[in-house]
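Starting from the given sequences, assemble the full structure and let the hints guide the process.
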Amino acid sequence: ARQADEAVALERERGGGTARLGRLLLLRGTIRQLADEREASRADLTGALNIGLRLSHNMLTALSLGQIARQQMENGELGSAEQTIRRVLPALRRHAAPFRLRSVLVTAGALALEKDDLTLAEAHFTEVLCVRPAHPSDTAAAIEGLALVATRARRFDRGLRLLGAAERIRDNAGRDTEWWRRRVHEARETALRAMPPARAEAWLDSGQGLPEHQAISLALGDDGPGTHHKRPAHPLSRRERDVAELVVEGLTNRQIAARMHVSVRTVETHIRHIRTTLGLRSRAHIAAWVAQRQPKPPARLTTPPTEQRMPQVRSVVHGAGVLGGPNPRQLNET
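To convert, note that position 233 of the sequence shown is 220 in our numbering; the numbers rise steadily by one, no gaps.
Keep in mind that the hints were calculated from the coordinates and are not lab data. One thing to keep in mind: the hints can contain errors.
Computed spacing ranges between beta-carbons, pair by pair [said to hold, decoys possible]:
| no. | residue 1 | residue 2 | range |
| --- | --- | --- | --- |
| 1 | 120 | 24 | 23 to 33 Å |
| 2 | 268 | 207 | 38 to 48 Å |
| 3 | 165 | 30 | 25 to 35 Å |
| 4 | 5 | 84 | 15 to 25 Å |
| 5 | 168 | 122 | 41 to 51 Å |
| 6 | 256 | 23 | 42 to 52 Å |
| 7 | 253 | 162 | 25 to 35 Å |
A virtual CB, placed ideally from N, CA and C, is assigned to each residue, including glycine.
Next comes the structure, spelled out in structure tokens:
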């Protein structure tokens, strides 16, 4: 933290207002967020967001919003957090480095848990584990998230085993925010109360004995040796897969229709069939399902991030209530 303070101070002495200062503020804001220094963190993240908007640095803007969404969620502003995540996640999936995408996916999963959407939460946390290279802190959070999903679904044995596995990874990953630790603790206590003590401890010990790669396999649904099931055939047609992939990009039905040279009604029919076939309730579920099933690294940028156009970012800043809403000129400049 002290090194971040020194780096920010040095960059401000050099003139400030640069993309480098924005990145440093984003880093320090994230560090302060993990330390539960919410007001200081929000000030840094807002500063990073302002710089991103002023410089039309869309990646910096999106990443700042992703971290602000975490604070909105932890403050109980679920509607604002959901709107922010929904707008920036498609752009980050396309352009962000894996480690930056993972942190926002963790927030998306936690938000889905807060809204008691276990299907979407499971999809987001699973996607975190499919994004490579992995990082212990994101891996631990994703496995904890899947443990919470299991516990809320009353699968207490799986929940405790995953919590045990996450505890081992946490030893090398550092702690998360107090808000998240409290929810993990509550899930642990709920599962412990629901099972005979000896059995509960056995499941915890079983998880704690797993190395990281086995913990990830467990979280992804492989509960042990010999349970390697053949992946079933893809449930969607080629046309439906095309539509689903465009949903991941954040396109509207009208935009998808224009891209595929079909009518809007045809797109609506495809999406309705996709949701029925997969048992999904919303476009967000479709996007998470596709990203989870077909994980792949973001395409290499052909132009610097500052030149990438992220239309989702431009519309979210005012709508999410961030900064109290920038003036129209700021939005036009992004």
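Structure-based check of each hint:
At about 29 Å, the CB distance of residue 120 to residue 24 agrees with the hint of 23 to 33 Å. Restraint check, residue 268 to residue 207: a C-beta distance of roughly 23 Å breaks the suggested window 38 to 48 Å. Remark: the range hint 25 to 35 Å for residue 165 to residue 30 is contradicted by a beta-carbon distance near 19 Å. At roughly 20 Å, the beta-carbon separation of residue 5 and residue 84 lies within the given 15 to 25 Å, and the hint holds.
About 18 Å separates the C-beta atoms of residue 168 and residue 122, a value inconsistent with the hinted range of 41 to 51 Å. Against the hinted window of 42 to 52 Å, the Cβ-Cβ separation of residue 256 and residue 23 comes to about 48 Å, which satisfies the hint. Roughly 50 Å separates the CB atoms of residue 253 and residue 162, a value that falls outside the hinted 25 to 35 Å.
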